[in-house]
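Spelled out, the chains give:
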Amino acid sequence: MTAILWAFDVVLAVTLVALAAGVLATASLFRSIVLFIVFGLTMSIAWARLDAVDLGLVEAAVGAGLTGALLLNTLGHMRSQAEFTPEPSHGPGGRLALALAAGTAGLAIGAAVWAWPDAFAGLGDRVDTHLAESGAQNPVTAVLLNFRAYDTLLEIGVLVVAVVAVWALSPMRGRVLDADPPGLVLAGFVHLLVPVVVLVAGYLLWMGTDAPGGAFQAGAVLAAAGVLLLITGRVAPPQLQAIVERGAVVLGLVAFLAVGVAVMAGGHAFLELPDAWATTLILLLESLLTISIAIVLVILFAGGRTDAAHPPEDAAP
Amino acid sequence: MTLTLWYALTGVALLVVGVYGLVSRVHVLRQIMAVNIVGAGVFLVLVAGAHRRPSGAIDPVPHAMVLTGIVVAVSATAVALAFARRLRADADERTDGAAREDEARAG
Amino acid sequence: MNDWTAALALFLLLNLVAGLARVWRGPTPADRILAAQLFGTTGVAIMALLADALDITSLRDVALVLAALAAVAMVVFVRRVWTGQPDPEEAADAGR
Amino acid sequence: MARRERTRPVPADAPWIVWTVVLPLLAAPVAFVLGRRGLAPFAAASSLGVAASVAALAWQVAAQGVQRHRLGGWGAPLGIELHADGLSVLMLVMTAVTGVVVSLHAHGTFGLGGHETREPSGRARFWPLWLFLWGGLNAVFLSADLFNLFVSLELVTLSAVALVALAATRVAVAAALQYLLAAMLGSLLYLLGVALVYATEGTLSLDELARGAPHASVAPPALALLTIGLALKTALFPLHFWLPPAHANAPTPVSALLSGLVVKASFYVLWRLWFQAFPGVAPFEASMLLAVLGTGAIVWGSVQALQATRLKSLVAYSTVAQLGYLFLVFPLVGGPGGLAAWQACAVFAVSHAFAKAAFFMAAGNIRLAAGHDRIADLDGIGARLPRSFFAVGLASVALMGLPPSGTFVAKWMMMRAALESGQAWLMVVMLLGGLFSAGYCFRVLARAFTPPTDTPLQPVPGSLDAAALALAVIALATGLFVAPALDLLAIGAPDVAGLGQDGPR
Amino acid sequence: MPVVDLLALVLMLTGAAFFFAGTVGLLRFPDVYCRLHALTKVDNLGLGFVLAGLALRSGLLTVALKLLLIWLLVLLASTTACHLSARAARHLGVEPWRRA
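Residue numbers (this note's numbering), protein chains in the order written: chain A, 20 to 336; chain B, 16 to 122; chain C, 129 to 224; chain D, 3 to 507; chain E, 123 to 222.
Think of the hints as simulated: they come from the structure by calculation, not from any bench.
Even glycine gets a Cβ: it sits at the ideal position worked out from N, Cα and C.
Be aware that one or more of the hints could be misleading.
Over 12 Å on every C-beta distance to chain C, these chain A residues come out as not near it, computed from the model [as the list claims (entries may be wrong)]:
| no. | residue |
| --- | --- |
| 1 | A26 |
| 2 | D28 |
| 3 | T34 |
| 4 | T45 |
| 5 | R50 |
| 6 | A67 |
| 7 | A88 |
| 8 | H96 |
| 9 | L115 |
| 10 | A140 |
| 11 | E152 |
| 12 | A237 |
| 13 | V246 |
| 14 | T251 |
| 15 | A261 |
| 16 | E264 |
To spell it out: a stretch of chain A is covered by chain C in this simulated footprint if at least three of its residues, at any positions, have a beta carbon under 8 Å from a beta carbon of chain C; those stretches are [as the list claims (entries may be wrong)]:
| no. | segment |
| --- | --- |
| 17 | 73-87 |
| 18 | 284-295 |
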């Protein structure tokens, strides 16, 4: 058994590095993006191999799905508007020096990794002892939403800042690309697929507390459904003019802060989930986070505000 | 050569390829992909280190760190791509004279 | 019995690697994205096989997510990228 | 073992340490949702709220010593802790004072519309991003956890990049993109250092790292990676390529915030790691290398500033140069008089923030009035903009390090520490740096002495000049308040003297 | 080797054979349209057999139903992808291969 899995690891590792080199070496940009999508898929297999199922789920939803769509969408914008300029890169001498420098740095880091102790529990034992009080059976969810909830709070802040950054970018004057209505088959496909994807997202969210799954996986899958609706013109790109849209974006962050502060009123520390309420609070937070993450990722896909749809003037007075 | 060491070294190899790619290439899309490859390498090193518990179970803290890292990397990539699209849309405006206004303000 | 599923997973991974040649050579962009589509399906199969080989039941959820999002890249490609002008990079390649 | 590492009952008075981070992070999304409705009163209220909580925290630290807060109620290794000691409070006060004054200037600038950014409603875009940046900075200065510092720095970087892109010109968006890519690479190298540390130490808490003896085989490469990542984010020469275009093309108040505060955040993390989390891990040669790079930064930045054609790129290159000073202190901290050098570096960082922000605002005012900021064409305009050029003059005094500015006192302490530890060459570099900064500051000031001409000038709103002048005066006044700052710094200061780094062998 | 496992093994091997055929088709066929056939028909069949084998091995109805859902989703995705790319290729004038 281990001999076969060992061969599997060797082939997987070689494929990963070859794909990475391929992405960066090919002249054609489109070929790079396709190789990058395959790279995301291979990474989710690597996570499966390392017992990291939560990461496998996120990589599958984000790496193979959203990032590929984001890159293709940007290539679409770029290709349709400007010619392809072969890029100047450093001369052969410079590249050789760069390769040597990166290689030696890699060797030094490899040596440091080589010196790692073989058996090492890290904080794993400590997480296991407190898992019962954390309100979640899945240790990764327990770490994300209880032990190190502050990290997740700041991370949701990063997501909201990303949306504000794209929204603050002045409107895009480029023409809207998919003006023509989708064909019969594509419309039917989206019509059939989106409900199933929403169900899968709900399933992942509900599983999150006890098994791999949770807000990020569910949000990313939901966002993929949103991208499909957006691409086929079923949904207009959100312009973040209405308060409701903006409220949905910040919903996860504000809810997280509200829970953290409300708990403090009860004499606990910031973000200290009382044992009795831990599970319900985690589930509440995860649901609101899923909605916010899905909307944020769809807005990030849609990019800046397109001038054609709305005048640049802001909402209200 | 344990599982941990093998995947950690793969991560380091990805890191080296990514950094070399980032520094040597100029096109913005390829630079964004290179940064994501560097990220994938760092995340592999993190998760490989979490697979060394004598009990065979995994250490969830690096997994949570990598999950946070992936979400942060996606949001930064999305912002970078939005900027790239904005630059390209700006390139379009060259034709309708907005460029001169840029140059004038830039001085 | 797990050996067989692990061996099959390895076989499919080798299939995936072999298919990469099409991504590299494929004359038209459609060939490349098609190969990626095939790899998506192969990925679902590998994930399901690993779920059995490594005895991790939740890997099937990963297979489910991969299956659900298999066509996102293709749809974005057809709607946004392949808008028909001759692919300048191919020309650049051919010219070189 | 207690069922849970029960937190000590929350200290009697309010946990200001939590409010300092939570308030801006709460105000930012609300500002985003509000958009332009009732923006001015909300912005004023939230700024004062955050400034008040920083003041309360400062008073609490001064009165009761280092403040700690166990987030989520868990202990150090498993959970994350917030620590507020003298250094973090000084940085928080620096951020609050600079931030409030610059946001006044920004409120005025973005209100003009069309000038700094093509966006008519620039204010509605500036405030959410600035409040996120402020929350991120406060989170960095208070965090005592390696990975939490990564996420906080990422929050700071992304909001800073978004602020740069507010200028919406093609040059600004391109500079923001380069800044984002460089910062992402820096963060990932930092994260790799964190991975190496965690893989052998098993903890992410700075205190536990300081107490434990790090593995000899992994700590040096880990610290090297952390240092390279943070040096890239602090724009230490030769990794400074992204800073000048970003800071020169950003809207003026954004440039002031970036040059004054954002680069200090990643330097602060480097400072914590070298002297508190990993005391004595770095060999003396490594700190000497940092000093040499700092010298390179001073020389290269100053030479570029002397040749700059535009006022804002002159000030941006001056940031690259002044950052070099901060790195000169590394070889001094181990030797005799190390604590004084350690405190001097903090004081320098604070007074540089005030001076640089004031200089940028004044430069922006001049640009607003003249319509351009080409230094050569400012002849004849200087005499007709007395307030703006006076602010430039005051800020230059502080940048050059002349009394009574805080920079002067800091440089004085650094030079004395250099002499005591027998590294006189550092003193020579500092003096040379002061000379250089005088050079490029006078390039600008000389324009005030040219005969006035009648070229048409835009009126500069009073509030903008007032903001620049206020911060310039604060930069000068810091020299008078160094004593209380040093007492504050003594709280929780590491015993740098015993770092085991014997001076030059 | 219990009979069920043997049957599952046979199913999975045929599935793998179809995957192999799909990959060979992808590499050897002359133009886009032929590769479409290789790709979307064969690999779905291959996946179907593999998942059927795995369902047998797991012996649980819930797992079998989930694997069935996975198969149906991939069927839906593959057919749509095949149709879209074929129509787009035809629309953009990619000439089908003719025996010279």
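Flag every earlier hint the structure violates by its number, smallest first.
Hints 1, 2, 3, 4, 5, 6, 7, 8, 12, 13, 14, 18 are the ones this structure does not satisfy, whereas the remaining hints hold.
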